[in-house]
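Chain by chain, the residues run as shown.
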Amino acid sequence: MPIELIILFSMLIVFAGGVFWLKLPSGVAMAAASFIGALVGGHGIPVRHLIEGTFGYLDAVLIISTAMIFMKVVEATGALGTISYGMIKSLYRSPSLLMILVAFFVMFPGMLTGLSSACILTTGALVAPALIGMGMPAVSVGAFIAVMAVLGMIAPPINIPVMIIGGGVDMPYVGFEKPLIFLTFPLAIVTALYYRFRFIKKIDVNEVLGKLPQSVYDKHGIKLFIPIFIVVGLMIGVRFAPDGIPDFGIPLIFMIGAVVGLKTGEKVDAVKVSRSAIRESLPVLGILVGVGMFVQVMTLTGVRGYLALSALQLPPELLYPGIALIMPAMGSAYAASSVIGVPILFVFLGRNEIVVTSALSLIAGLGDLMPPPSLLCVFAAQILGIKNHFTILRAAVIPIIIALLFSILTIVYAADIGSFLQ
Amino acid sequence: MEKHHYIAVVFLLAGGILSAIASKDFLSMRDADILHPSQFVTTTGMLSDYLPEIKGTYGDTKVYYFNSGNPGATVILLGGTHPNEPAGFIAAAVLVENAQVTKGRLIVIPQSCASGFTATDPLEACPTHFTINTQSGPRTFRYGARGGNPLHQWPDPLVYRHYPSGQQLSGMESRNLNRSYPGRVDGSFMERNGFAIVQLIKKENVDVAFDLHEAAPEVMIINAIITHEKGSDIAANAVLNLEFEDLQYSLEISPKNFHGLSHREWGDSTMTFAFLMETSNPSQGRLRGVTSEALVVEGNDPFYKTASKLDNVRITYDSSGEPLSLRVARHLQGFKRLVESYNEAHPENSAIIENIPEYNAVVSDGVGKYLK
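Chains as they are written, first to last, in the working numbering: chain A, 1 to 422; chain B, 1 to 372.
One thing to keep in mind: the hints can contain errors.
[Unchecked claim] Dumping the calculated DSSO-like pairs for lysine-lysine here, alpha-carbon to alpha-carbon at most 27 Å:
id, chain 1, residue 1, chain 2, residue 2
1, A, K263, A, K223
2, B, K369, B, K62
3, A, K178, A, K89
4, B, K55, A, K272
5, A, K387, B, K3
6, B, K256, B, K203
7, B, K305, B, K256
8, A, K23, B, K3
9, A, K219, A, K178
10, B, K202, B, K336
11, A, K178, B, K24
12, B, K55, B, K256
Just so you know, these hints were derived from the structure itself, not from any lab.
Bound-form chain A, shown alone (with noise of 0.2 Å):
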């Protein structure tokens, strides 16, 4: 067996045993893993590696953080309640319509952001109220809304993993709307309607109006949405008139919204909403902190190249099955775009590439999803205070077979679809 693979299996069941049988928290689990995977690979404890890497998601950890603090001020404002009960109030007739619009606005963010998170931590968690209400069950609201998020990274005008990967080819940018709304908009629906006829059935708009927080839009009007109108405006505001609006990033952006929802709704405690996202967030900061450390030391040992390598040696009857297993393996969509779409790019020169870029992309973006980290999957569990985050993965496995098969498929026939979107 090479060594990687023994490095690899070593990390994995220190970290399976660390999370079952000692239940340390995941993050722990994973910084134990990256000590032994880098004890097992013969670099003892590198010291500053280990550091090194957990500064690798530093910029999610601010992201969270921040997006935290705003969610729960916009929940403390009445903000929140009020969005779910306006929702169920207008739609709950037609509840497939409700559930693609529901769809499209939970990959709003995403689509302007290029970040999955953003999806989550802000449309996603207003409409989670909703869906439960509706009665889907808080794990499949979970993975309704963490497969949208993928969708929405991937979904134009901004696909991140896809300027990785053209970036690392030296293709521009330019060129990729259709292709990429071919591959999301329909996957979008599909999945809407999925979750739509399998578990809501038929609504007593009474009986979901009487279990959610009742509107305050009455006594506050308008101004309570101006935090999400902020937030929201100036994330788009950078991105189409950037000599305006300047740049804060993301982190100051979720803290100006949170700032100025302390005034627009019912009375906050900031200290005390503050707290408590902190909080709240700890488990999910640790994981991305030992995420950093694994990754890292998978580099450093080889594992890393060794699961790349493995992707361009597959046989061609298994290159568009282990395409589809082993991008999302690399659990990050970042790394699944950089370590392996790039390399894999190069084996299907000759078919339209703007098209095999754009189908990679979705796989790639299908990794936030996957284990080790499951970054969507704990976000989502983060805001529906649901404890494992595994649940929801589970719930999402019909729709990410789905994506995968679909962008397989967009893939092999490339050219075609290439020619027909022109």
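Given the structure of chain A, go ahead and fit chain B onto it with the hints provided.
Using the frame of chain A, we list chain B on its own:
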């Protein structure tokens, strides 16, 4: 105190101790690399001489001038645009420590992205330094990050919009010097650096400009000379001459719709003939095995050896390895032939640069022999 308070204290202490140990490594990257300029270096300056706004920042970097005193062309060579591509930096260092210019001028910036030499990229597990055995014993050089240090420009936007084209790139490219050209004085840290370099090229009336790079072996443009369309004849002639020496270089013309790169923007915004060269660096590659200092210097990687035999993807990797000496030798030989090719095309305004070590000598002796 309760039990969980003790646990918290233990974890905090452990974190503090580990961070203190790691900080020694991180801080060591702020110690500048020392070069020993050749006696023929006439003056040294700083990049901030062309843009005072960057003086005292980590964007400022040393500039070495070889002025022959005889009228002729001005040539500039940039190494270290990407500090994780050491062959460019070391080739520039070899020139600084050896070259002699008898006609025209040579300007060398060995560490063009000085900021990037002060950090490594998280998750890439790269070494902070690598060592070369030289005439005076082992010398250690920094192996940095692809882009600038995030401490000097942070946070990355989600999407980087290149100025002035408006082209969109992933946010991390905002710290990439070779996506920042032509830059702007009131722009970001990296845009200012790019602007300073373009100002230098303009103010010094640079005729020929080189930007030395490396790339992962799976990238298409390996062992390539990339040029702005203005320089295509010069590059074609040089590639032909290099082939006579059994050195294969592919010739690529800079894409017109891919902005921010040196070969595109220097060519568009100045009078210079712009060339960029790439070698195959397995320590940057996505398929690499163990990431180590040895991989940087010796360039031996079992995974790339396997990958180079695959039929379904082009991997530019010699099965005997891609050592740093060979990569530096390619850069120096390519530079030499391109300057000669320029001279042939512009005999009235040529530059003569001597004491550049020969390709075969650098490969066989090791690059350390040409470092003092």
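Each hint, compared with the structure:
no. : hint              : result
1   : K263/A <-> K223/A : holds (9 Å)
2   : K369/B <-> K62/B  : holds (23 Å)
3   : K178/A <-> K89/A  : violated (34 Å)
4   : K55/B <-> K272/A  : violated (45 Å)
5   : K387/A <-> K3/B   : holds (24 Å)
6   : K256/B <-> K203/B : holds (25 Å)
7   : K305/B <-> K256/B : violated (34 Å)
8   : K23/A <-> K3/B    : holds (17 Å)
9   : K219/A <-> K178/A : violated (44 Å)
10  : K202/B <-> K336/B : holds (23 Å)
11  : K178/A <-> K24/B  : violated (50 Å)
12  : K55/B <-> K256/B  : violated (33 Å)
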